[in-house]
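There are 2 protein chains.
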Amino acid sequence: MNNFDFYNPVKILFGKGKISELNKQIPENAKILITYGGGSIKKNGVYDQVMSALRGFNVKEFGGIEPNPRYETLMKAVEIVRNDNIDFLLAVGGGSVLDGTKFIAAAAHYTGDDEWDILAKRARVDKAVSIGAVLTLAATGSEMNSGGVITKAATQEKLAFGSPLLFPKFSILDPETLYSLPKHQIANGVTDAFVHVIEQYVTYPVDSPVQDRFSEGILKTLIEEGPKVYNSETPDYNEYANMMWAATMALNGLIAAGVQSDWATHMIGHELTAFHGLDHAVTLAIVLPGLMKHLKEKRNVKLVQFAERVWDITDGDDNSKIDMAIAKTEEFFNSIDIKTRLGDHNIKQEDVDRIIQRFTDRRVPAIGMAGDVKTDDAKVILEDRL
Amino acid sequence: MNNFDFYNPVKILFGKGKISELNKQIPENAKILITYGGGSIKKNGVYDQVMSALRGFNVKEFGGIEPNPRYETLMKAVEIVRNDNIDFLLAVGGGSVLDGTKFIAAAAHYTGDDEWDILAKRARVDKAVSIGAVLTLAATGSEMNSGGVITKAATQEKLAFGSPLLFPKFSILDPETLYSLPKHQIANGVTDAFVHVIEQYVTYPVDSPVQDRFSEGILKTLIEEGPKVYNSETPDYNEYANMMWAATMALNGLIAAGVQSDWATHMIGHELTAFHGLDHAVTLAIVLPGLMKHLKEKRNVKLVQFAERVWDITDGDDNSKIDMAIAKTEEFFNSIDIKTRLGDHNIKQEDVDRIIQRFTDRRVPAIGMAGDVKTDDAKVILEDRL
Numbered sequence: 001m002n003n004f005d006f007y008n009p010v011k012i013l014f015g016k017g018k019i020s021e022l023n024k025q026i027p028e029n030a031k032i033l034i035t036y037g038g039g040s041i042k043k044n045g046v047y048d049q050v051m052s053a054l055r056g057f058n059v060k061e062f063g064g065i066e067p068n069p070r071y072e073t074l075m076k077a078v079e080i081v082r083n084d085n086i087d088f089l090l091a092v093g094g095g096s097v098l099d100g101t102k103f104i105a106a107a108a109h110y111t112g113d114d115e116w117d118i119l120a121k122r123a124r125v126d127k128a129v130s131i132g133a134v135l136t137l138a139a140t141g142s143e144m145n146s147g148g149v150i151t152k153a154a155t156q157e158k159l160a161f162g163s164p165l166l167f168p169k170f171s172i173l174d175p176e177t178l179y180s181l182p183k184h185q186i187a188n189g190v191t192d193a194f195v196h197v198i199e200q201y202v203t204y205p206v207d208s209p210v211q212d213r214f215s216e217g218i219l220k221t222l223i224e225e226g227p228k229v230y231n232s233e234t235p236d237y238n239e240y241a242n243m244m245w246a247a248t249m250a251l252n253g254l255i256a257a258g259v260q261s262d263w264a265t266h267m268i269g270h271e272l273t274a275f276h277g278l279d280h281a282v283t284l285a286i287v288l289p290g291l292m293k294h295l296k297e298k299r300n301v302k303l304v305q306f307a308e309r310v311w312d313i314t315d316g317d318d319n320s321k322i323d324m325a326i327a328k329t330e331e332f333f334n335s336i337d338i339k340t341r342l343g344d345h346n347i348k349q350e351d352v353d354r355i356i357q358r359f360t361d362r363r364v365p366a367i368g369m370a371g372d373v374k375t376d377d378a379k380v381i382l383e384d385r386l
Numbered sequence: 001m002n003n004f005d006f007y008n009p010v011k012i013l014f015g016k017g018k019i020s021e022l023n024k025q026i027p028e029n030a031k032i033l034i035t036y037g038g039g040s041i042k043k044n045g046v047y048d049q050v051m052s053a054l055r056g057f058n059v060k061e062f063g064g065i066e067p068n069p070r071y072e073t074l075m076k077a078v079e080i081v082r083n084d085n086i087d088f089l090l091a092v093g094g095g096s097v098l099d100g101t102k103f104i105a106a107a108a109h110y111t112g113d114d115e116w117d118i119l120a121k122r123a124r125v126d127k128a129v130s131i132g133a134v135l136t137l138a139a140t141g142s143e144m145n146s147g148g149v150i151t152k153a154a155t156q157e158k159l160a161f162g163s164p165l166l167f168p169k170f171s172i173l174d175p176e177t178l179y180s181l182p183k184h185q186i187a188n189g190v191t192d193a194f195v196h197v198i199e200q201y202v203t204y205p206v207d208s209p210v211q212d213r214f215s216e217g218i219l220k221t222l223i224e225e226g227p228k229v230y231n232s233e234t235p236d237y238n239e240y241a242n243m244m245w246a247a248t249m250a251l252n253g254l255i256a257a258g259v260q261s262d263w264a265t266h267m268i269g270h271e272l273t274a275f276h277g278l279d280h281a282v283t284l285a286i287v288l289p290g291l292m293k294h295l296k297e298k299r300n301v302k303l304v305q306f307a308e309r310v311w312d313i314t315d316g317d318d319n320s321k322i323d324m325a326i327a328k329t330e331e332f333f334n335s336i337d338i339k340t341r342l343g344d345h346n347i348k349q350e351d352v353d354r355i356i357q358r359f360t361d362r363r364v365p366a367i368g369m370a371g372d373v374k375t376d377d378a379k380v381i382l383e384d385r386l
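Protein chains in written order, with my numbering: chain A, 1 to 386; chain B, 1 to 386.
Each hint should be verified, as a subset may be incorrect.
Remember, identical chains collapse to one label, so a pair may be satisfied in a single copy or spanning two.
[As the list claims (entries may be wrong)] Here are the simulated lysine to aspartate or glutamate pairs, DMTMM-like style, with alpha carbons at most 20 Å apart:
1) K152 with E115
2) K220 with D312
3) K220 with E308
4) K321 with E157
5) K24 with D126
6) K24 with E350
7) K348 with E224
8) K228 with D207
9) K31 with E330
10) K339 with E308
11) K16 with D207
12) K339 with D126
13) K24 with D5
No wet-lab data here; the hints were simulated from the structure.
Bear in mind the structure is a predicted one, so any value in this text is a computation, not a measurement.
Pulled out of the complex, with its shape left as it was, chain A reads as follows (with noise of 0.2 Å):
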């Protein structure tokens, strides 16, 4: 096991009904800034719920924090925490909703020049504004971690960044918000969850039984739940808590605590989002099997673990269970109506070659921390999933 520090402050309210304990989550002289998304939560009964635990309190609100949050939108609302003195952010929404929260949180007492630099240069955040969140949508688990992904429309650059800071205070996950989520959404949260699991688990054996469990319980949950969510007609509580806490546990730092990391497939899949505006998640599912299948050889120890134990494939050598292991995670995203090729998605070799190019004149070392993947392999990877 490689050596490492956890720490993760988050409380968790976790169930049916913990909108309700907001007000005592909240210093009571806070002056709140609430920001959202699209307005679904104006439909779905949550801001009602989240304004009725909060009467009484000093709340503004600023809606229309799009997926992939953008830069230009959040400035605006870094404009209203520094105009209006704002002390509590609290995000209500997915993940775009908390990465962009998190972003305003440490641009608005950022004082460098250029709050884009947080991003572009991993600028220090020295100091940030509170935040909260009530979650509405169980995918990317930045309600229980310290980062956020931001994507500067007039750039199209997607770039993270993070900081101990930028953990939420607390973050209120009712699985009944969920309900009312569009099929297409629960299924790219399923992706996503699954992807970030992948991304910590299917890398370099440390001999760290520990966490590879974890990764392997999180993976069957998500196998499992997910489709069942995804095809219900009548929601079913339980299904949707599991899915929901399955996808916090997936990216909450625990699983990544002293094994390999990569995060190849989310760079590569960023720039697919970046020029094209595919959704993250399907951006990860078009590109992890080609992932696997170049790194057969390089990762074959973990790959074989993950058939063996994540999809119980038994039989066979192992480099023709890492290619039924890759077959099923890919009919497992088909399976809830993700599209798994770039074709599907109209995009062509010039537009490899494009992002390839961004690589290229990035002159990083690596794609990812694992090591094993360049831009050649990006290029490989990329044009196995035309």
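Given the coordinates of chain A, assemble chain B onto it according to the supplied hints.
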């Protein structure tokens, strides 16, 4: 899944050499009291590592905290904290030192008449001294939770307490500090951690696949790594590391989130320690097989799951699967030389009667939290273990 709150702000620093980072975890101007046990840290080099990392700090020390730490001993440390205005307690040791230090932290600022009320009346802790820990034993999980168990020698009482104020600010876990442990302490630690998981897992099903798989992952790891560590002549770092991380994960609140917990095995075991001075872990290994056997029907679902998933028992009907799982559990304890019968420890029917009398006198509606162990059940369980 049940509703739950989860909060665990303990920073974990895990791995070889991590004690050297101690100085970055404690405020520079802190008045530190180092607490420890029987003095093994002075023989195995841990004390020297700690003092070297704390060069330049204001440090006092308090040694002699016993296994099953005693109220009488700890109150002496409370006096030191009060007289010397200590504002940081650094526990260097195992679960007993950790638990004892939590009590010192709470009692030092207690304003009621009798500090024992923190245990006897579960009096609320409103203020506590900050705690950090250097763990030298993998067992109780106290390094990543906010509770403890203290014994009053005068009355032979052993009681639990806890408060969110008693989470350590940090805990340093260096598996190499375990290399010099006597073998029986390794066996005790593995047994203790194993039963911690069981208390949160073999209860009643609430449809919690993530939590169940995490529990199963910890149990399987303890079953694999425990005997390897116990029997090794030359220490293997990863075996120790995996055992240590499993023990921490066994009782940090994570696997308890959203499920039914029990703790009846602990409650009954505590009486065996209080009256007979048995090692804590040994009492658990005595009681658990009897408890499982007695609750075979009531806890049928989780016992079958335990048999199938943890012990890989696939043959036979449910009843025989459970019988085999109980037998394998007892064999596991015996394999690391834990003696699992009351008779092995010279405890007789009249001793059982005295324990039952105490439960009767206390008139608690049930022993543990699952509601299925009353005083009469404890009698059956203990008599089965004679």
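A quick look at each hint next to the structure:
1. When the C-alpha separation of K152 and E115 is checked against a cutoff of 20 Å, the pair qualifies only within one copy, where the shortest distance is 12 Å, while the shortest distance between copies is 58 Å.
2. In this assembly of identical chains, K220 and D312 lie within 20 Å of each other by CA distance both inside one copy and across copies; the values are 10 Å within and 17 Å between.
3. Proximity of K220 and E308 under a CA criterion of 20 Å is satisfied in both settings, with 12 Å inside one chain copy and 16 Å between copies.
4. Taking CA atoms no more than 20 Å apart as the test, K321 paired with E157 passes in neither setting, with 37 Å inside one copy and 57 Å between copies.
5. Proximity of K24 and D126 under a CA criterion of 20 Å is satisfied inter-copy only: 18 Å between copies versus 27 Å inside one chain copy.
6. When the C-alpha separation of K24 and E350 is checked against a cutoff of 20 Å, the pair qualifies neither within a copy, at 54 Å, nor between copies, at 51 Å.
7. In this homomeric assembly, K348 and E224 never come within 20 Å of each other (Cα to Cα): the closest approach is 34 Å inside a single copy and 50 Å across copies.
8. Within a single copy, K228 and D207 get their C-alpha atoms only as close as 33 Å, which misses the 20 Å cut-off; across copies the closest is 14 Å, which meets it.
9. In this homomeric assembly, K31 and E330 never come within 20 Å of each other (Cα to Cα): the closest approach is 47 Å inside a single copy and 58 Å across copies.
10. In the homo-oligomer, the alpha carbons of K339 and E308 never lie at most 20 Å apart, since the shortest distance is 25 Å inside one protomer and 36 Å across protomers.
11. In this assembly of identical chains, the alpha carbons of K16 and D207 lie at most 20 Å apart only when taken from different copies (15 Å versus 38 Å within one copy).
12. Neither within a single protomer nor between protomers do K339 and D126 lie at most 20 Å apart by alpha-carbon distance, with minima of 41 Å and 55 Å respectively.
13. Taking CA atoms no more than 20 Å apart as the test, K24 paired with D5 passes between copies only; the shortest distance there is 13 Å, against 30 Å inside one copy.
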